[in-house]
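J.: Sequence:
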Amino acid sequence: RKKSGGARRVPANKLTEEEKAQIIEVCNRVEYQSSAPSQIVPKLADEGVYIASESSFY
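Take the sequence shown: its position 42, counted from the start at 1, is 286 in the working numbering, and no numbers get skipped.
Incorrect hints may have been included.
[Unchecked claim] Restraint-style ranges between C-beta atoms, simulated for each label pair:
hint	residue 1	residue 2	range
1	Leu259	Ala280	17 to 23 Å
2	Arg252	Glu291	22 to 28 Å
3	Gly250	Ala289	36 to 42 Å
4	Ala251	Gln277	26 to 32 Å
5	Tyr302	Glu275	15 to 21 Å
6	Lys264	Asp290	21 to 27 Å
No lab work stands behind these hints, which were simulated from the structure alone.
We put the CB at the ideal spot given by N, CA and C, even for glycine.
Work out the full structure, taking the sequences as your base and the hints as a guide.
T.: Laid out in structure tokens, this is it:
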């Protein structure tokens, strides 16, 4: 059964454009270029920085 063509809701936890840009900027830093999100997010947490969850980095 098809749903009507109404407007879709935006998820409440959707990343903002600013958050996406921050993730890209962090991942492009020399110290993180060869690191997986599973390594980046804990390192940022050790520095007291939280941008988004590990899965959001993917």
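J.: Please flag the earlier hints that this structure goes against, numbers listed from lowest up.
T.: 2, 4
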